[in-house]
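Chain A is fixed; fit chain B onto it per the hints.
Protein chains: 2
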Amino acid sequence: MQKKYYLLAPGPTPIPPNVLAAMAEPIIHHRAPAFVKVLEEVRERLKYLFQTKTEVLMFAATGTGAMEGAVTNTLCKGDKTLVVRGGKFGERWAEICEAYGVVPKNIDVEWGEPVDPQIIADELAKDPAIRAVFVQASETSTGVMHPIKEIADIVKKYDNTIFIVDGISGLGVFELPFDAWGIDVLVGGSQKSLMLPPGLSFAAVSDKAWSFVEKSDIPKYYFNFKKELKNLKDNQTAWTSAVSLVMGLNESLKMIQAEGLDNAFKRHAKLAAATRAGVKAMGLELYAPTSPSDSVTAVKAPAGVDGQKVVKILRDKHNITIAGGQSQAKGKIFRIAHLGYFDTYDIIMVISALEMTLRELGFAVELGKGVQAAAAILEKDI
Amino acid sequence: MQKKYYLLAPGPTPIPPNVLAAMAEPIIHHRAPAFVKVLEEVRERLKYLFQTKTEVLMFAATGTGAMEGAVTNTLCKGDKTLVVRGGKFGERWAEICEAYGVVPKNIDVEWGEPVDPQIIADELAKDPAIRAVFVQASETSTGVMHPIKEIADIVKKYDNTIFIVDGISGLGVFELPFDAWGIDVLVGGSQKSLMLPPGLSFAAVSDKAWSFVEKSDIPKYYFNFKKELKNLKDNQTAWTSAVSLVMGLNESLKMIQAEGLDNAFKRHAKLAAATRAGVKAMGLELYAPTSPSDSVTAVKAPAGVDGQKVVKILRDKHNITIAGGQSQAKGKIFRIAHLGYFDTYDIIMVISALEMTLRELGFAVELGKGVQAAAAILEKDI
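Protein sequences, first through last, are from chains A and B.
Residue numbers for the first sequence follow the working numbering, so the first one is 1 and each next one is one higher.
Residue numbers for the second sequence follow the working numbering, so the first one is 383 and each next one is one higher.
FYI, nobody ran anything at the bench for these hints, they're computed from the structure.
Just to be clear, a hint being listed does not mean it is correct.
[Unchecked claim] If you want the ones that stay clear, here's a sample from chain A, every Cβ over 12 Å from chain B, calculated:
#1 Pro-16
#2 Lys-80
#3 Ala-99
#4 Asp-179
#5 Thr-357
[As the list claims (entries may be wrong)] Straight-line Cα separation of at most 20 Å, SDA-like style, residue types lysine to any residue; simulated pairs:
#6 A:Lys-369 - B:Glu-761
#7 B:Lys-385 - A:Gln-257
#8 B:Lys-751 - A:Arg-359
#9 A:Lys-4 - B:Met-637
#10 A:Lys-226 - A:Glu-44
#11 B:Lys-751 - A:Glu-379
#12 B:Lys-762 - A:Asp-316
#13 A:Lys-380 - B:Glu-742
#14 A:Lys-4 - B:Ile-397
#15 A:Lys-369 - B:Glu-748
#16 A:Lys-369 - B:Lys-662
#17 B:Lys-385 - A:Asp-316
#18 A:Lys-4 - B:Lys-652
#19 B:Lys-385 - A:Pro-14
#20 B:Lys-751 - A:Lys-126
#21 A:Lys-317 - B:Ile-759
#22 A:Lys-254 - B:Lys-590
#23 B:Lys-385 - A:Glu-379
#24 B:Lys-538 - B:Asp-589
#25 B:Lys-762 - A:Gln-2
#26 B:Lys-712 - B:Leu-668
#27 A:Lys-4 - B:Tyr-388
#28 B:Lys-385 - A:Lys-126
#29 B:Lys-462 - B:Ile-478
#30 B:Lys-429 - B:Asn-645
#31 B:Lys-590 - B:Asp-561
#32 B:Lys-652 - A:Met-1
#33 B:Lys-386 - A:Tyr-6
#34 A:Lys-126 - A:Asn-160
#35 A:Lys-3 - B:Ile-764
#36 B:Lys-470 - B:Lys-712
#37 B:Lys-385 - A:Leu-261
#38 A:Lys-317 - B:Pro-398
#39 B:Lys-652 - B:Asn-632
#40 A:Lys-309 - B:Glu-761
Even for Gly, the Cβ is constructed at its ideal location relative to N, Cα and C.
Bound conformation, chain A alone:
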């Protein structure tokens, strides 16, 4: 039969039918009054998602675009920064800094572990000239959730330092309130809990960070925060808007508001807990047991099993896309995502498929054992 595809990678994530339908409508012009009205709505809805009263800037680019903008708009050449490097996306912050002459001091955290906030407190105490601290809310490559609130509480004591958070795979999945926690720049992307294709990225910017923007001397053009803010106040984007994606965004943000952020957080927590219980019941170990993210569950491939083969069999025989390990974790882990448009049966399905796949690879799993453990969590308050 023509394959039925199941997408459980940590982005892109499945797109709901109404969002697909909205994006399939005939395109309108990006300066047309009808589109300006959509942008006005989107602007308010993004504030709900980011839990902020400030404007959320939007770029026709994938997440890395807004990450780059967070560096180039707030810092100056030669600025010292602290970068938490506990995975592939932590490394990206360091790479962007270096590309623009910013000088990162890297805090190398063991992959699979969250950063200890005390290390950041100590580094800032040692060198208050540090201008920014960079971290991922959810480090997608390892399945770790970093302690954002704790780090924010530390950084906010320093007038000369801002806290820049990659929330691409964390926003909408777990608590990450921009205003309440005092984050300075929070970056998001469309292809995660926003249930959209890749192609939009976002940045919320605090007053403190805007004061940094005024002093920034790094060159920028496409990702120009001030220019975007000026346009956004007229319900426009500086450059051509990614019209169809924005039409979809308005729908997906409506869905998030209809569910309510608290309910979305609870749902993601439940799906993640069920996934973790399912894999543990099969005798597998989590790669990030200390602080697992509710966005994606990273699982250690058992002894004698190549994690890449797990991914390949799931893809080629079961038509299920999960993610393998990257860089140093390649072959050692596989990652099951559960962020965005996911429900009970996405988890039942992938756990059942994982049982069959591991059996095929010679790892002894009793059929139904993982499903049983996942279902025990999922059936509560269904």
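Frame of chain A, contents of chain B only:
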């Protein structure tokens, strides 16, 4: 969260993305050369599905339309017929006969059981004036597969009698070769294994049945077989074609040809076997244990459990649509479909959901027990 809907009712069945996309294309005129070309393709592909060299007529109507046409085009007022009544759709054959002055003799079969072909042999021997025998290949209301080949072998001995089969939920699911078995009229519908919305019905007509058409005196207009055949030879339909459905039909028939009928039969057999194993492992009984259809599995609600409540909880809490019992089976059974665009994980999902639902209704099922039994069948040759 906005619900993710899962459709496991015996029609309409899920529609594959490429079929949805084909139907979403801008509509073309039903007499345009481009559409004539599509009808030419469809005409040949339908022969593959029906396993016939004869033409397959097509109507813009649901299955009951072609059923009516099978009666009104082949018979005369006052003709005697034999109707196998072992479910709601058997009753429909009798109702159509009566509406047009045809006189059915009803063979009432206990719901959940297949008809004994010997009864038909005996009736025809007793009264060779019987002009037609009506039966369902798959009686959707009870989940029974009737012995079509055996009945065809009996009827073909009578020159004065034709064999009219409702293959609406059987075609494409299990063996039903029109030419090889010598069926005289075989009716199909779009919303079953053809993976389309409701709105198209089909009828293959044998040479023997066409000779009956010549003598028929029952009034008909919309469902006029001769008129349709004449138009079909020019790759047209007599009336306006259901253009978008036909565009989708061409896609779904391509899918069926790409899979191959034999593979489709094996797939349906495997999904059905897994469903039966899953419900039995939960301690449930089949409603049609003697000759279960591979299209739909009818399950007896366990003592003390209302079958309608099973359907309701699955629908309202799990967003899964299965079917309840109809008429005399209402409340006593529920029906899980697995015909059309279904794979391994549709079955895993519905069995897992059924476990949770029965537990909520106070029926003791160990979580994962049904899934385990289903998975044991599904994981073979995946």
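Evaluated hints:
With 12 Å as the threshold on Cβ separation, the claim that Pro-16 of chain A sits away from chain B is violated: the shortest Cβ distance comes to roughly 6 Å. At roughly 43 Å, the least C-beta separation between Lys-80 of chain A and chain B is larger than 12 Å, which holds for a residue marked as non-interface. The beta carbon of Ala-99 of chain A sits about 39 Å from the closest Cβ of chain B, which is more than 12 Å, so the claim that it is off the interface holds. No Cβ of chain B comes within 12 Å of the Cβ of Asp-179 of chain A; the nearest lies about 25 Å off, and the non-interface call holds.
At the 12 Å boundary, the C-beta of Thr-357 of chain A falls inside the reach of chain B, the nearest C-beta of that chain being 9 Å off. About 15 Å separates the Cα atoms of Lys-369 of chain A and Glu-761 of chain B, which keeps this hinted pair within 20 Å; it holds. A C-alpha spacing of about 14 Å is found between Lys-385 of chain B and Gln-257 of chain A, which places the hinted pair at or below 20 Å, so the restraint holds. Of the pairs offered as hints, the one joining Lys-751 of chain B and Arg-359 of chain A holds, with about 18 Å between alpha carbons and a cut-off of 20 Å not exceeded.
Restraint check for Lys-4 of chain A and Met-637 of chain B: the C-alpha separation of about 12 Å stays at or below 20 Å, so the hint holds. Only pairs whose Cα atoms come within 20 Å are accepted, and Lys-226 of chain A paired with Glu-44 of chain A is accepted, the gap being roughly 19 Å. About 15 Å separates the Cα atoms of Lys-751 of chain B and Glu-379 of chain A, which keeps this hinted pair within 20 Å; it holds. Distance hint between Lys-762 of chain B and Asp-316 of chain A is fulfilled; the C-alpha atoms sit about 15 Å from each other, no more than 20 Å.
Restraint check: the Cα-Cα separation between Lys-380 of chain A and Glu-742 of chain B comes to about 10 Å, which is no more than 20 Å; the hinted pair holds. Straight-line distance between C-alpha atoms of Lys-4 of chain A and Ile-397 of chain B comes to about 11 Å, which keeps the hinted pair within the 20 Å bound. Between Lys-369 of chain A and Glu-748 of chain B the alpha-carbon distance is near 11 Å, which keeps this suggested pair within the 20 Å criterion. Taking the CA atoms of Lys-369 of chain A and Lys-662 of chain B, the gap is about 18 Å. The hint holds against a cut of 20 Å.
Note on Lys-385 of chain B and Asp-316 of chain A: the hinted pairing is violated, with a Cα-Cα distance of about 28 Å set against a maximum of 20 Å. At most 20 Å may separate the alpha-carbon atoms for a hinted pair to count; Lys-4 of chain A and Lys-652 of chain B meet this at roughly 16 Å. The hinted pair formed by Lys-385 of chain B and Pro-14 of chain A meets the criterion: a straight-line CA distance of about 13 Å does not exceed 20 Å. Between Lys-751 of chain B and Lys-126 of chain A the CA atoms are separated by roughly 59 Å; this puts the pair beyond 20 Å, and the hint is violated.
Between Lys-317 of chain A and Ile-759 of chain B, the direct Cα distance comes to roughly 15 Å. Compliance with the 20 Å bound is thereby established for this hinted pair. A distance of roughly 60 Å separates the Cα atoms of Lys-254 of chain A and Lys-590 of chain B; the hinted pair therefore is violated under the 20 Å criterion. With a C-alpha separation of about 16 Å, the suggested pairing of Lys-385 of chain B with Glu-379 of chain A holds against the 20 Å cut-off. Proximity of Lys-538 of chain B to Asp-589 of chain B is assessed by CA-CA distance (about 12 Å); at most 20 Å being required, the pair is judged to hold.
Using a Cα cut-off of 20 Å, the hinted pair Lys-762 of chain B and Gln-2 of chain A holds, with the two alpha carbons roughly 19 Å apart. For the hint linking Lys-712 of chain B to Leu-668 of chain B, the alpha-carbon distance of about 15 Å falls within 20 Å, and the restraint holds. For the hint pairing Lys-4 of chain A with Tyr-388 of chain B, the CA-to-CA distance comes to about 13 Å; that is within 20 Å, so the pair holds. Between Lys-385 of chain B and Lys-126 of chain A, the direct Cα distance comes to roughly 51 Å. Violation of the 20 Å bound is thereby established for this hinted pair.
Pair hint Lys-462 of chain B plus Ile-478 of chain B holds up; C-alpha atoms about 13 Å apart against a cutoff of 20 Å. For the proposed pair Lys-429 of chain B and Asn-645 of chain B, the alpha carbon gap of about 17 Å is at most 20 Å, so the pair holds. Taking the CA atoms of Lys-590 of chain B and Asp-561 of chain B, the gap is about 12 Å. The hint holds against a cut of 20 Å. The straight-line distance between the Cα atoms of Lys-652 of chain B and Met-1 of chain A is roughly 13 Å, inside the 20 Å bound, and the hint therefore holds.
For a cut-off of 20 Å, the pair hint linking Lys-386 of chain B to Tyr-6 of chain A stands: about 13 Å separates their Cα positions. Restraint check for Lys-126 of chain A and Asn-160 of chain A: satisfied, since their Cα atoms lie roughly 14 Å apart, inside the 20 Å limit. Under the criterion of a C-alpha separation no larger than 20 Å, the hint pairing Lys-3 of chain A with Ile-764 of chain B is consistent with the structure, at around 12 Å. About 12 Å separates the Cα atoms of Lys-470 of chain B and Lys-712 of chain B, which keeps this hinted pair within 20 Å; it holds.
Note on Lys-385 of chain B and Leu-261 of chain A: the hinted pairing holds, with a Cα-Cα distance of about 16 Å set against a maximum of 20 Å. With a C-alpha separation of about 19 Å, the suggested pair Lys-317 of chain A and Pro-398 of chain B falls inside the 20 Å cut-off, and the hint holds. Of the pairs offered as hints, the one joining Lys-652 of chain B and Asn-632 of chain B is violated, with about 26 Å between alpha carbons and a cut-off of 20 Å exceeded. Taking the CA atoms of Lys-309 of chain A and Glu-761 of chain B, the gap is about 17 Å. The hint holds against a cut of 20 Å.
Violated hints for the displayed structure, listed by number in ascending order: 1, 5, 17, 20, 22, 28 and 39.
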